[in-house]
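Asks: Sequence:
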Amino acid sequence: MESITGTPKELSFQLINLKQDKIYELREYKALRGTQANRYFHKLVNELARYNRNNGYAISDDDMKIMMNVSYGTLATKDNGELFEVVIPRGEDISYIYPYTRLSRIVGNNEYYLFYKRTHELNSKEFYQLIKGVEQECRDVGIKTLSDIEFEQMMKEYDKEFRKWKNY
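Numbering-wise, the sequence shown is residues 249 to 416 according to my numbering.
Errors might be hidden in some of the hints.
[Unchecked claim] Quick list of simulated restraints, FRET-style, between CB atoms:
| hint | residue 1 | residue 2 | range |
| --- | --- | --- | --- |
| 1 | I354 | K291 | 30 to 38 Å |
| 2 | K373 | L274 | 46 to 54 Å |
| 3 | R350 | D388 | 19 to 27 Å |
| 4 | Q262 | N303 | 28 to 36 Å |
[Said to hold, decoys possible] Mimicking DSS-like on lysine-lysine, the simulated pairs with C-alpha atoms at most 25 Å apart in a straight line are:
| hint | residue 1 | residue 2 |
| --- | --- | --- |
| 5 | K326 | K365 |
| 6 | K267 | K408 |
| 7 | K257 | K373 |
| 8 | K270 | K326 |
| 9 | K380 | K392 |
| 10 | K326 | K267 |
| 11 | K404 | K373 |
| 12 | K267 | K257 |
| 13 | K404 | K270 |
| 14 | K373 | K392 |
| 15 | K380 | K404 |
| 16 | K408 | K380 |
To be clear, the hints were calculated from the coordinates, so they are not data collected in a lab. For every residue, glycine included, the Cβ atom is placed at its ideal position computed from N, Cα and C.
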């Protein structure tokens, strides 16, 4: 089946013409955001992981991404603004449930973990903050990063694409 898109009113007219003995799925359309900033982020994370591996630290690209997101990313909040925090028994591994977590405190036999947003959930300001942190980590070990002008231009494009994507 060819996909159909449109406002609810436009879709209502198109839905009538679909085969009535079939089952369909209806989802909100979300355009893809610009990928230049995303590619840059992953390039830096992967180079940082490679640098660490070359210096005797066993870390995967995925583990480095998690570490950077927890170091420079944005804490996840509920609709009411409260932080997402879970309590698990001391010694359990929460990473198999959700990778972007940080231990915030231990009370008795319980560990309290804060959740961070996944990178694709970050708005342009939050993604800017994340990339800037990763850039600093890279500069600290001699990994080349974009100039300030190149970075600002890339983030303007990202912000423009993000706003377009968010309005769908």
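Asks: So if I understand the rule, the pair passes when the alpha-carbon distance is 25 Å or less; does K267 with K257 pass?
Replies: holds (19 Å)
Asks: In this structure, is the beta-carbon distance linking Q262 and N303 contained in 28 to 36 Å?
Replies: violated (57 Å)
Asks: Holds or violated: K408 with K380, Cα cutoff 25 Å?
Replies: holds (19 Å)
Asks: What's the verdict on K404 and K373, does the C-alpha distance respect the 25 Å limit or exceed it?
Replies: holds (10 Å)
Asks: Please verify whether K373 and K392 have alpha carbons no more than 25 Å apart.
Replies: holds (23 Å)
Asks: Would you mind confirming whether the straight-line C-alpha gap from K380 to K392 stays at or under 25 Å?
Replies: holds (13 Å)
Asks: Between K267 and K408, does the CA-CA distance stay at or below 25 Å?
Replies: At roughly 39 Å apart (the allowed maximum being 25 Å), K408 and K267 break the hint.
Asks: Compare the distance between the alpha carbons of K404 and K270 with 25 Å, and conclude whether the hinted pair is satisfied.
Replies: Given that 25 Å is the threshold and the Cα spacing comes to 44 Å, the pair is violated.
Asks: Is 46 to 54 Å respected by the C-beta to C-beta distance linking K373 and L274?
Replies: Given range 46 to 54 Å: violated, Cβ gap about 32 Å.
Asks: Quick one, are K326 and K365 close enough, alpha carbons at most 25 Å?
Replies: holds (11 Å)
Asks: Does K326 sit within 25 Å of K270, going by the straight-line distance between their CA atoms?
Replies: Since the Cα atoms of K270 and K326 sit roughly 37 Å apart, the hinted pair is violated (cutoff 25 Å).
Asks: Is the gap between the beta carbons of I354 and K291 within 30 to 38 Å?
Replies: holds (36 Å)
The structure fails hints 2, 4, 6, 7, 8, 10 and 13 (numbered hints given earlier, in ascending order).
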